[in-house]
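Asker: If you read the sequences in order, they're chains A and B. All letters in the first sequence, in the order written, are residues 0 to 332 by numbering that gives the first Met the number 0. All letters in the second sequence, in the order written, are residues 0 to 310 by numbering that gives the first Met the number 0.
Think of the hints as simulated: they come from the structure by calculation, not from any bench. Just so it is clear, the structure is predicted and the values come from calculations on it, not from any experiment. The reader is advised that the hints may include incorrect statements.
Unchecked claim - Calculated pairs, DMTMM-like style, for lysine to aspartate or glutamate (alpha carbon to alpha carbon, straight line, at most 20 angstroms):
hint: 1; chain 1: A; residue 1: Lys279; chain 2: A; residue 2: Glu310
hint: 2; chain 1: A; residue 1: Lys279; chain 2: A; residue 2: Glu301
hint: 3; chain 1: B; residue 1: Lys195; chain 2: A; residue 2: Glu196
hint: 4; chain 1: B; residue 1: Lys195; chain 2: A; residue 2: Glu208
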Amino acid sequence: MRRSCITGLGRYVPPKVITNADLTQVMDTTSEWIEQRTGILERRFSEDRVGAADMGALAASEALERAGVRAADLDCIIFATLSPDVDMPASACLLQSRLGIGGMPAFDVRNQCSGFLYGLSIADLFIRTGRFERILLVGAEVHSTGIDISTRGREVAVIFGDAAGAVVLQPAPDGARGILSTHLHAEGRYAEKLWLECPAARERPRLTEDMIAGEEGRIFPKMQGRYVFKHAVTRFTEVVQEALAANGCCAGDLALLIPHQANLRISQMVALGLELPEEKVFNNIQRYGNTTAASIPLALYEALEAGRLREGDLLCLAAFGAGFTWASALIRW
Amino acid sequence: MATSILGLAHALPPAQPLGGVRRPIATEPGGPSDLALAPARTALAQSGIGVEDVDFVIFATMTPDVTFPGAACFFHDKLGCGTIGALDIRGQCAGFLMALMVADGFLTAGVYRRILLAAAEVHSSGLDYSERGIRVAALYGDGAAAAVLGRADGDAGLEAVICHTDGRCHDRFWCEYPSSRQHPIRITVEDFRAGKHFPTMDFEFVERFGLEHLPAVVREVLARAGTTADSVDCFILSHILPEVVDGAAKALAIPQAKLLAAGARDGHLTAAALPVALSEAITTGRLGPGARVCLATCGAGFTWGAAVLTL
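Okay, chain A solo, but in the shape it has when bound:
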């Protein structure tokens, strides 16, 4: 069975930089507290009327250009997001609209922080089984309009930023390179440990004025931070080891690990657990915060630009987040 590989990457980050000091103007927190707890120094916020698909289209255009693929020649589009442009239809549809194309299947994967890797796994299978030849996978988020930027919401609000990343996947030119494996997991019993409740189809009605404006702030995400942190460290480590074991490799074989940028302290604990030296783990959360489905393609893009990855290197991508969901991909670059 043939393999798939990434043939083009793109990214987009909005120009507006929000520093920790900026946040201290609108909520009771300090720059030091944010940096110490998360490693984040600044993040980007999008402009008015710019949604996930708008940013995703800019990242996609760059990825397509680098892959030498015309948008109209794509035969499938997968869009990973938890902050869609509109309630319905999927952001993948709005991305097509932005790119001025139609006809190929386009759908959203709604798997939070693991969304990009769930999407990567699907794209990989589509190529391996011969269904499609040229797939666009986008991860994009506009968190800034969905978080409670006040003292009430500070635990979540200080973490998230807006960004987009995109990759083009095609059959690998030879059998040695490409995506070697993907592993996907979930544990739904922890769904409410990191979630955004409303609108909620399970409520009657789904949305009320009280959900929007009431004291509980039910239209804003909530997180039990310490709980998420503990599970993240365990699951990140496990799923990297699972990827390595499935391919008869060990941590020492890795040239680079790119963890989803959830929290710098989580990445550091995972590196410690896997006995990986600092230079083998790529982090850029310091400048972008947690960008959920966009974080892995954005970090991969910057790792390549920084010369941290060369052809033939063994690369591991790993994610953990809301759901809980977690995943990994092992790639011979």
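Since the structure of chain A is provided, determine the placement of chain B on it from the hints.
Answerer: Quick look at chain B alone, frame taken from chain A:
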């Protein structure tokens, strides 16, 4: 060996009177993950496996239990799925076919042996039943289906599945709010009072789009499967407007005896429409083992697709 349905079941909440029609409405608290639970258990029993034998869960819905995480995670928890993967697909009316296409990839490659695929919608909690919105609201119902998919020998199985999307006309049938592109916040009390969180539809455009693409995708999938309309025992067609199903059947010259108009009685079930109709046809004995079925749908996105499979 082909990807096959090893078990399939559905659930519809009790029908309620609504603007001159009757629709299944989930009045009990709960989301699509709750509606899909009983069908999932039945589908597992039919296929002779336990939940511990399932390798992966896929959930297709456009009305998730909460905003995030997806319905798959809640479904995964309620069934007791341990730590297997749980994928949420958002593809509106083609959601089930897109999920089927994804499942086929995982099963064909041998990554997973058994996939539990749920498709469910609780539309009623998000619709405007006032005079302002009743024309759209009365078209929808709530419902759920679940299928156990695996590879099987013999003549049964999936022969072809095709999906399409064209987002260039997405605003002809959409629900705009909450909207992540609206600064500083996705929805305000003013937006809410203006009813911007309810779906709107350009009836004429949706009808025209459906009449063009629903017959076309049926012809395309038959050609892909290398078969003809004559060798199909039943066409299950789904569209939010019943007149589009009638028009497509006429264009394809499908005899009445071979046509199953999904949603004719219960209203539109979006991602759940096709599997609910298929499950009901099997339950009532209209379709049995060996029957060759063509499923097709067209809806918001716009998305459309079709599949040919033998039971």
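Asker: Now tell me, hint by hint, if it's right for this structure.
Answerer: So, going through the hints one by one against the coordinates:
no., hint, in the structure
1, A/Lys279 to A/Glu310, "holds, 16 angstroms"
2, A/Lys279 to A/Glu301, "holds, 14 angstroms"
3, B/Lys195 to A/Glu196, "holds, 19 angstroms"
4, B/Lys195 to A/Glu208, "holds, 13 angstroms"
Comparing the model with each numbered hint stated earlier shows that all of them hold.
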